[in-house]
Each structure stands twice: as C-alpha cells, then as structure tokens.
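We have chain A; now place chain B onto it with these hints.
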Amino acid sequence: MADQKSKIIGIICYKLPFDLSNQIYHEFENRYREAAYMIEKFSYYKRLKRDMSAVEILLAMSIFHKRIITNLDAAVKFQDTVSRNSNATTISIGGYDFDQKEKNKLLGILINYRKLQQRFGLYDQVFEYYETKEFLKQVIKFKSSFGKRNRSNFNEGYTEEDFPF
Amino acid sequence: MAKETDQTSTKGTRRKISPFRNVKELEKEITKFMNIHKTSFSNHAKRISDYFEMCCFNYVVRFYKEKGYKVSIENLQDGKYRYKCSTQGNHNNFSNFKISKQLSDQAHEFEIHHNLAVESSHEAKIYTTPDIVIIKYGSIEIDADFYQGVKKLSFVANENMITFCEVKQFHPFPELIFNFIGTVNELKHPIMTGTHGPLTPKHIAPSLMISGKPNTHADKIKISLEGRYNINVLYDLFSPSNNPFRRYHLWKIKTMK
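So the protein sequences, as listed, match chains A and B.
Just so we're aligned: 111 in this note's numbering is position 111 of the first sequence, and the numbers increase by one with no gaps anywhere.
Just so we're aligned: 345 in this note's numbering is position 180 of the second sequence, and the numbers increase by one with no gaps anywhere.
Looking at chain B on its own, in the form it has when it is part of the complex:
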C-alpha cells in the first residue's frame, strides 16, 4: 500500500516507475505479460508478414480517403473479406477495395488489389506481382495459357494499371532500394524516361514501403532516387513521429505527375 502511495503524485495521477531502479519489477512484469499471452503470440506470429502487408494496404487506403476518394469493399466471400496473401489464385475468389471520385461530371473508379499480376510495360505476356496494385475499375483479365494446364492466371494489362506499391519488412539497405527501380522500369517505364503524363484524379506515385528506420546512407539514396524519378521511397512505417502516412505528413508523399 505504501508503495502504491509512493507511485502516486500529488495530483492523484500514477507516476511512472523507473526501469533503471526497478529492473526486477520490469522483468517480472514482462514475464507475466508473456506468460498470459504466449498462446496468442504463438498463433499470430505465423502471420506476422501478412499483417505487415495489411498495414501497408491500410495506409494506401487511408491515402486515398484523405485525397477525397470514396472507399468501399467488393467481392466479399460468404460475408468475409478474403485476403489474397500469395501470388497464386483467381481474383474472383478474393476481396478488394473500390475507390471512386467524382470530378465535375465524370466519375472515376478504381480498384486496389493485393498480389495481382501486372503485365510488363515492355512486352506482352510477361508478368510480375507487386504487393499492392491500383487498377482501372473492372480491368482484370484471364490468361488461360500461362500455367499450361487447367490453372488460369488473373492479371491486369499494363495500360490498365495506374500505380503500385512494394512493401518490405526490413531495415532499408541499398540493394533493396535499388532493386525497386527494376520493378518500376518493368511496370512503369514512362516514369524512368520522364514521359509519364499527368493523371486525374491524383494517385500515389509508385512506392517502396519499408518498415525499418533508415541510416544516413539510405536517406541519401531516397533523396537521390526521388529526385530522379517520380517515385516514393517511404521508410519508418511504424514510427510514432516519422510515419509518412500520418495525416500531417501526407503532403510529402508524391503523386503521379
């Protein structure tokens, strides 16, 4: 009881305990916390990378909402949102977000998908699958020959893809960041040559989203690449202060020009 009183300030609010003076107590509390929740951690830990993708998907949806788009969900399966967590599978069997915006007399509608194959901007019939893709509404096609069997590939033709995001749960390092340029070159070649026309309404520029905090070198690479191409290299997605998708930081995210 005396200890409780000691931790309570004169205003009646509980005062924080120093982990430096009470190491044993902190250790005890962590042990208690882990013991209570160990089964849940064990169950959810298998899906940690899916949760990270969901987090980034959530940020992209938030971006569009903040830019004035109307957001809805399509293709629920038995009343459930069916999340596509691999590159395989027919898109009709998975859910997606629909975003729409009314500009003067014209309604603009798009879809946000996860793990949808996109045709190369250099050559037909070759594909790569970014983690998040924004496409024109109702533009998914089927390639029946791709797997040379009964399985079919659902994909979007390059001209129907608006933009895309790659997500990585790592600390940013040079090879990872530069590899993203290869994907941009393949899927949005006009961005590499600076010949991409402006888009109305506004869309997020092709983005590399990395969870980790950058060091000085990674920051230099970001500045250099963003200066050369119309892309976003976004770090530190879980930071309470630097998260680029926080409402007041959104203006820093580049859009398609």
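The following block holds chain A by itself, in its conformation from the complex:
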C-alpha cells in the first residue's frame, strides 16, 4: 500500500513547485492516515475497507481539485471578465503575460479534467468536505450512487457556472 500511495500522490505532485507539492503531500499523508484509522476502527466506515485503493485515489484527487484546478478555473474566469469589459485580452502578472493562448491551454486542461470527472461520475460535490470523516461520508454516498437503486443519486451535479466556457 505504501508504494501505491506514494505513486498516486507522487504523480500529482510531480513538477509542482516545492511549497505547493509539500502542502499537497502533507495534507494527503495526514488525511490518509486519519481515513485508514477511521475505516479500521468505526463500523460505519468499515464498508470502505475493501476500497482502500479507491479511497486513496479519490483523496489525492480531491486535494488536487481543491488546491490546483479551482484556481486555474478562477484565472480563466477572470480573463473572461477582463476581456468582456475592455479590449484587453492579456493579463500581465509581474513578468508573466496570461494571454489568449495561455487561456486556451488552461481551458484545454479544464475540459480534459471535466471529461475525466464525468467518465467516473466524480462531480464536485464528492470533493466538498472539511474534515476527513466528511470526506469518507461523501465517498460512501458516492459509492452507493453506483448501486442499482441509487444510480441517479449523485449525478447531474453541474450547474452552468461550473464550466469554464
């Protein structure tokens, strides 16, 4: 498990600046340890015992979503606001120009990310939590949405404003 754990978080943190990858890595480590403890000790969470690999990947993905994806989405939206209210298509941040080309690159990332989410039914609500126990509850709810009776419980979570385009 240790190898696999370091693998997924390693892939996510690869090439990120040290400060950010350090934060992501530590949040993942702490929450994973907590989640594993709760799944082991409390009967309500024991139903996830056979899904530790999925819990681990979903946890890593939720942290990545919260710390990276939401901010990239915000940059695209701000660029939209600027171009809607002026002739400017470039935002200059220090020495860096966030222009139309960069915006399209980010849009490409966001579209691919949304496709990945949709493919696995991973709507943003799965990633809405404060404490690790809330995350586990979301995972249990999410898992139950794949049951025969509850297939529609956790879908159609998007609203128009979630899309960057």
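Derived from the structure by calculation, the hints contain no laboratory data.
Honestly, I wouldn't trust all of these hints.
For lysine-lysine, the following DSBU-like pairs were computed, each having C-alpha atoms within a straight-line distance of at most 35 Å [said to hold, decoys possible]:
1. 103(A) <-> 301(B)
2. 197(B) <-> 115(A)
3. 203(B) <-> 189(B)
4. 105(A) <-> 245(B)
Covered stretches of chain B, going by a simulated chain A footprint (3 or more residues, C-beta under 8 Å) [said to hold, decoys possible]:
5. 232-246
6. 403-417
Covered stretches of chain A (in silico footprint by chain B; criterion: 3 or more residues with CB under 8 Å from a CB of chain B, positions within the stretch not fixed) [said to hold, decoys possible]:
7. 28-36
8. 97-106
Heads up, the beta-carbon is just placed ideally off N, CA and C, and yes, glycines get one too.
Just chain B now, with coordinates in the frame of chain A:
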C-alpha cells in the same frame, strides 16, 4: 468494443464508470492526464495564490454587476490588464476596474483596486493594504516621504475608502477570522462602534473571503461576528452548492448600512 457497448446505456448516453470497480483504470486516466499537462501545471502552479486573488476580485466585480453597477476597466498598460500582485508599486502603472451607478440625477463612480494601501481610520500617515479595496473615483494620493527615498507610496485616505475585502486561501480557523476584526477596527472603526452611516448606492460590507469549508466552530464564529458587526465572513468560495457569490445566494451578502 464490447466494453464501450457495456458503458453505453439503452438511451445511447455514456454511463459513468465506477472508480470502486475500476481503480486501475482511474489511476491510469489520472496518470495520463497528469503526464499530458505536467508542464502547464508546473508553469501555473507558481501563480496559484495570484489566481485565487483574481477569483475573489472577480466575485466582487460580479457582486457590483448584479447590484446594477456599470463595470469598465481603466488604466490598461500597452493594451494589457496589468495586475498588481504585491503591495509595492505606483498605482498609475496598474489597471483597475471602474464601477458606476446612476441614481436619479446623480452619477456615482467608484474604483475597485487590488493591493492598494489605505490610511488608518485612527491616525494619519499609517497604512495597511487590504487585498481588494473600493474607493471613491479618482481619490488615490501619493505619499512622497513614506519610503524616505525616491520611491513613493500610492494610497487612499481613509475618508475616500468605501469598503474592502481580505482574501485567504485557507481552511477557516478562529485566529484567522478574529484577526480580520483588527483590520476592520483599523480601517473602518465606525463599524466597530455601530456609528457608520448608510451608504447610497449599496456597497458590499467589509468582507473576509476564505476559500475553505468551515467546521461547526467556524460557522459559530461567523454567526457571532456578523451578528455583532456589519461585516461578511464568507467561506467555501469554490463550492458548487454553497458559494456565497452564486446569483441566488447574493442576497445573503451584507451591504454597508
């Protein structure tokens, strides 16, 4: 091919794949996604905190737009929107938003700035720099003595500041929330004493904007502080369901009374 057919419902729409039954496939997809975009992530990750500030700035602009203000952009630099991402620098070299509203015969004009120094409401010549500031139009001044050198400080006098917002990309915790009261005390003292007069047209009350989701205790603190002072403590800015700046939640945001 058989697998494709299996994932397609009778109505022809693609059915979601369970990450619990297909862990390896999810892992493979994430790896592929990260490998394709690793260079972009690496480039943009350095600016993540700037992007978060932009997100909050965007929300504030949206708030004013929803309240009927006309929004435009001023001070473009070579056709580019130059974003001020630190407290240093002359404001003439950076872009800002202008908001205006016509009420009966009178036009009201304001500016929205990022990282502009504001003079204390207790004492002249001492400043602090909130992340987002709304000021009266054309009211930025220069303090030539501040840096005791050739560098000059651009600031706004306290009476010309309308309101401000602080943004934090954290989970809300008590010390962070209570610290905001110190900034309110320094910049908008009348709010602390309840002597602030009503403002026309409407403006957002001084706000602390935090990206993270609150726990029960943070929620209690929010209720308590908002009950005592005319301020907003706004959490969960990226939530698809609880985001306070969503159109149908905007009424919950307090304005200057």
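Okay, the hints, checked on the actual structure:
no., hint, result
1, 103(A) <-> 301(B), "holds (32 Å)"
2, 197(B) <-> 115(A), "holds (13 Å)"
3, 203(B) <-> 189(B), "holds (20 Å)"
4, 105(A) <-> 245(B), "holds (19 Å)"
5, 232-246, "holds (count 8)"
6, 403-417, "holds (count 6)"
7, 28-36, "violated (count 0)"
8, 97-106, "holds (count 3)"
This entry does not satisfy hint 7, going by the numbered hints stated previously; all others are met.
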